[in-house]
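K.L.:
Given chain A, put chain B in place with the hints provided.
Order-wise, the sequence lines are chains A and B. Here the first sequence stands for residues 1 to 142, numbered as in my numbering. Here the second sequence stands for residues 1 to 142, numbered as in my numbering.
Treat the hints with care, since some could be wrong.
As the list claims (entries may be wrong) - With beta-carbon atoms standing in for the labels, derived distance ranges:
(1) B/N80 with A/N90: 40 to 48 Å
(2) B/T19 with A/K85: 48 to 56 Å
(3) B/P15 with A/D49: 44 to 52 Å
(4) B/V34 with A/G72: 16 to 24 Å
(5) B/I25 with A/N90: 37 to 45 Å
(6) B/E63 with A/V77: 18 to 26 Å
(7) B/P79 with A/K85: 38 to 46 Å
(8) B/P79 with A/A91: 37 to 45 Å
(9) B/E82 with A/S78: 36 to 44 Å
(10) B/E82 with A/A91: 35 to 43 Å
(11) B/K60 with A/G72: 40 to 48 Å
Stated by the list, open to error - Within a straight-line C-alpha distance of at most 30 Å, the following computed DSBU-like cross-link-like pairs (lysine-lysine) qualify:
(12) A/K67 with A/K46
(13) A/K46 with A/K85
(14) A/K41 with B/K117
(15) A/K54 with B/K105
(16) A/K41 with B/K105
(17) B/K117 with B/K105
(18) A/K54 with B/K117
(19) A/K46 with B/K105
(20) B/K105 with B/K60
(21) B/K117 with A/K46
(22) A/K85 with B/K117
(23) B/K105 with A/K85
(24) A/K67 with B/K60
(25) A/K67 with B/K117
(26) A/K41 with A/K54
(27) B/K94 with B/K105
Unchecked claim - Residues of chain B placed beyond 10 Å of chain A at every Cβ, according to the derived structure:
(28) Q44
(29) T72
(30) I73
(31) N80
(32) V84
(33) G85
(34) T110
(35) K117
(36) I128
Worth flagging that the hints you see were computed from the coordinates, not collected in a lab. No residue lacks a Cβ here, since even glycine has one placed at the ideal position from N, Cα and C.
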Amino acid sequence: MKIKRKTFSADVPSMAMGDIIFTLLIFFVILARAQDDSHLKWEPAKSPDVDQAKHALASVVIDVNNKLYLNGQPIGVSQLAGALKERLGNAPAGERTVLLKVHREATAQFFEPVIEAISEAGGDLLHVLEQERDDKKQARAP
Amino acid sequence: MKLRLKRNKLMAEPPAMATGDIAFILIIFFLVCVSVQPDSGREQQIPRSESKEQKTEQSKNIEVAMTRDRATINGNPVPNEEFVGRLRTMLASKQRPEDRIVVVKSRQDTPYMWWIKVTGWIEEAGGIITLQLEEERTVVTP
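Same shape as in the complex, but just chain A:
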């Protein structure tokens, strides 16, 4: 006697396709855009006029402990110019943006040599700052 086995269909429901694609899209957006220096602790200085940052080829951070990082990896200031030159490669002018994220309390002895190294590597320096809100002005306004 033959026993018939039940067959189950194991298809992915077509209704869920939209959700799956949306989730994948978000996943790849995160991979492409997430900064790998997000774990570092630093507070930006404030400035009244700031612009949106362009796509950057490198990100340099001086954290609350005055330690220097290039794309999230610790680096010495003497190696910075060489490492930046390597990363910037032959990118044309205007597309050689280097983000500089300096903790607001860091002193010149730490950040000036870094600025010099970025300039030596031929990077387009962009200080990452926070928009300063002029609360006093707003309060005075009618």
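P.N.:
Chain B in isolation, oriented as in the chain A frame:
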């Protein structure tokens, strides 16, 4: 005689089974919004560092010196509110870019937030920033 037509009322509620998926997608969506928030900041053009041969040329340029909370123009202390105006007046007669260079000297304990404010004023006045760093040299005595 009035005819009353009964309309079929359709249920348009989302299935309760999908609530978990919806919440998950929403969490991811807001996480992405936070993580890909673009950096904002200020571009700064700093000429590449050069050796000391240009010292005579530099002596003609305006010099801004910074301490922890003060800034001077050519050695004269200037109140913060007058800084831009005074520098603009000094730069008004200078047309060539090389004449508009402002040499920035900072004491080692100058904080970044003060430095960024003063360099912002220099740029606002139309100056081109050049850093003058103290060079460290090791002298071996016999």
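K.L.:
Please go over all the hints and tell whether each is borne out by the structure.
P.N.:
Evaluation of the provided hints:
A C-beta distance of roughly 43 Å is found between B/N80 and A/N90, which places it inside the suggested range of 40 to 48 Å. As the Cβ distance of B/T19 to A/K85 is approximately 53 Å, the hint placing it in 48 to 56 Å holds. The hinted range of 44 to 52 Å is satisfied by B/P15 and A/D49, whose Cβ atoms lie roughly 50 Å apart. The hint said 16 to 24 Å for the Cβ distance between B/V34 and A/G72, and at roughly 18 Å that hint holds.
Between B/I25 and A/N90 the Cβ separation comes to about 41 Å, which falls inside the hinted range of 37 to 45 Å. With their beta carbons about 25 Å apart, B/E63 and A/V77 fall inside the hinted range of 18 to 26 Å. Range check, B/P79 to A/K85: Cβ separation about 42 Å, and the 38 to 46 Å hint holds. Restraint check, B/P79 to A/A91: a C-beta distance of roughly 42 Å satisfies the suggested window 37 to 45 Å.
For the hinted restraint 36 to 44 Å between B/E82 and A/S78, the CB-CB distance of approximately 40 Å keeps it satisfied. Separated by about 41 Å at the C-beta atoms, B/E82 and A/A91 satisfy the suggested range of 35 to 43 Å. Under the hint 40 to 48 Å, the C-beta atoms of B/K60 and A/G72, about 43 Å apart, fit the expected range. For the hint linking A/K67 to A/K46, the alpha-carbon distance of about 21 Å falls within 30 Å, and the restraint holds.
With a C-alpha separation of about 29 Å, the suggested pair A/K46 and A/K85 falls inside the 30 Å cut-off, and the hint holds. The straight-line distance between the Cα atoms of A/K41 and B/K117 is roughly 22 Å, inside the 30 Å bound, and the hint therefore holds. The suggested pairing of A/K54 with B/K105 holds, with an alpha-carbon distance near 29 Å, which does not exceed 30 Å. As the CA atoms of A/K41 and B/K105 are separated by approximately 28 Å, the hinted pair is consistent with the 30 Å bound.
About 14 Å separates the Cα atoms of B/K117 and B/K105, which keeps this hinted pair within 30 Å; it holds. Distance hint between A/K54 and B/K117 is fulfilled; the C-alpha atoms sit about 22 Å from each other, no more than 30 Å. For the given pair, A/K46 sits about 21 Å from B/K105 by alpha-carbon distance, which is consistent with the 30 Å threshold. Among the hinted pairs, B/K105 with B/K60 is consistent with the structure: their alpha-carbon atoms are about 15 Å apart, no more than 30 Å.
A C-alpha spacing of about 8 Å is found between B/K117 and A/K46, which places the hinted pair at or below 30 Å, so the restraint holds. Annotation: proposed proximity of A/K85 to B/K117 holds, straight-line Cα distance about 28 Å (limit 30 Å). Proximity of B/K105 to A/K85 is assessed by CA-CA distance (about 26 Å); at most 30 Å being required, the pair is judged to hold. As the CA atoms of A/K67 and B/K60 are separated by approximately 36 Å, the hinted pair breaks the 30 Å bound.
Between A/K67 and B/K117 the CA atoms are separated by roughly 22 Å; this keeps the pair inside 30 Å, and the hint holds. For the hint pairing A/K41 with A/K54, the CA-to-CA distance comes to about 22 Å; that is within 30 Å, so the pair holds. Between the alpha carbons of B/K94 and B/K105 the distance comes to roughly 21 Å, so the proposed pair stays at or under 30 Å and holds. In this structure B/Q44 is not separated from chain A by more than 10 Å, as the shortest Cβ-Cβ distance comes to only about 5 Å.
For B/T72, the non-interface assignment is confirmed: its Cβ lies about 15 Å from the closest Cβ of chain A, beyond the 10 Å cut-off. Separation of B/I73 from chain A is adequate, the least Cβ-Cβ distance of about 18 Å exceeding the 10 Å criterion. The beta carbon of B/N80 is kept farther than 10 Å from every beta carbon of chain A, the shortest such distance being approximately 13 Å. Listed as a non-interface residue, B/V84 keeps its Cβ farther than 10 Å from every Cβ of chain A; the least gap is roughly 12 Å.
Taking the minimum C-beta to C-beta distance to chain A, about 17 Å, the non-interface status of B/G85 holds against the 10 Å cut. Distance check for B/T110 against chain A: the nearest CB is about 4 Å away, which does not clear 10 Å, and the non-interface claim fails. Under the 10 Å C-beta cut-off, the non-interface status given to B/K117 relative to chain A is violated; the minimum distance is some 7 Å. Annotated as non-interface, B/I128 keeps its C-beta farther than 10 Å from every C-beta of chain A; the closest such distance is 13 Å.
Hints 24, 28, 34 and 35, counting from the list given before, are not met by this structure.
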